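Trainee: Chain by chain, the residues run as shown.
Protein chains: 2
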Amino acid sequence: MYHANMALEPNTRESVAQMLRAHGITPTHQRIEIALVLFERCWHPSADQILTAVNVRYAETSKATVYNTLKLFLDKGLVRELIVDPNKVFYDSNTSAHHHFYDMSSGEITDIPAEGVRIDGLPPLPAGMVTAGVDIIVRTRPGI
Amino acid sequence: MYHANMALEPNTRESVAQMLRAHGITPTHQRIEIALVLFERCWHPSADQILTAVNVRYAETSKATVYNTLKLFLDKGLVRELIVDPNKVFYDSNTSAHHHFYDMSSGEITDIPAEGVRIDGLPPLPAGMVTAGVDIIVRTRPGI
DNA sequence: AGATCGGATTAGACAGAGTCCAAAATTCAA
DNA sequence: TTGAATTTTGGACTCTGTCTAATCCGATCT
Ligand SMILES: [Mn+2]
Ligand SMILES: [Mn+2]
Ligand SMILES: [Zn+2]
Ligand SMILES: [Zn+2]
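As they're listed, the protein sequences go chains A and B. Quick note, the first sequence lines up with residues 1 to 144 if you use the working numbering. Quick note, the second sequence lines up with residues 145 to 288 if you use the working numbering.
Honestly, the hints are just simulated from the structure, not real lab data. As the structure is a computational prediction, the values presented were derived from the model and not from experiment. All clues stand as given, with none of them false.
Among the chain A residues that face chain B by a calculated CB cut under 10 Å, a handful are:
1. Met-104
2. Pro-113
3. Leu-122
4. Gly-133
5. Ile-144
Positions of the beta carbon are idealized from the N, C-alpha and C atoms, including for glycine.
All chains, full assembly: derive it from the sequences and hints.
Mentor: This is the structure:
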């Protein structure tokens, strides 16, 4: 997966710190850990998965900080929320426009690149409204 | 609690009961009330809105029954879930294929008819998977 | 270095949505 | 009418996420 925010930088603490500074975020120890977890690979973790991943080595980050930080990253455009499951929000470190497969049986989320996908025939927006985003979710389940 | 003298058009109650039977659902009083609330107009209520609406005249239906019934209706294909808000599920009594505008500032949900909307260029599904549904959510907010 | 001070972190209380359970109520076929 | 099967129910419980006030930094100044 292409990470718009990572360019070709290695996932070092220093490169992550620079990315945070570039987005106007003071790079604290906890924020760097959370960013490393978010960008280390292509996944769509929940807050709880991030909390677990960040504390694998030492318990050094609290639940409150994970939620605080995810909200901050969201405000600053570093991550986006994925609303596909009734029970929890998933976070997507790929902020470029794209869509998703959602396997309803396993919960697995897979990116669909936006290039090549085209939506035709949408009606005009209600008066005075502006588009904040168009999400396509293809819900799948194991075939016969 | 069942009240024998509820003033409601017998045709409407009876037609709802028949619809439930046609879907293999035993039409109890609570289920009929919930179905009436769901189908009385075009809206996308949450479980809590349904609970409130059903109990406007008398408190005759419990929270547990609303959730039980919504799950039953979902299984039987009478309603569909709408996952657009991180905090609650909305229910859609329109089960034909269609899409939605979601006004992020007011929470208002508006139907987009599927006729005329076309999605091109979706990649093939992961091996062994089958489509359970394709949802387009156009998130909007008040314009400039 | 030591003191300062504002932002960041934290534990744990709290809230809202939804689930579960065992007891009570009801349905409906016999 | 009867009673077994189904449905309903209050309330405890779980889970995700929020809030708050105390504490902890860590960058800057002397
Ligand atoms: Mn939930
Ligand atoms: Mn929530
Ligand atoms: Zn994604
Ligand atoms: Zn709808």
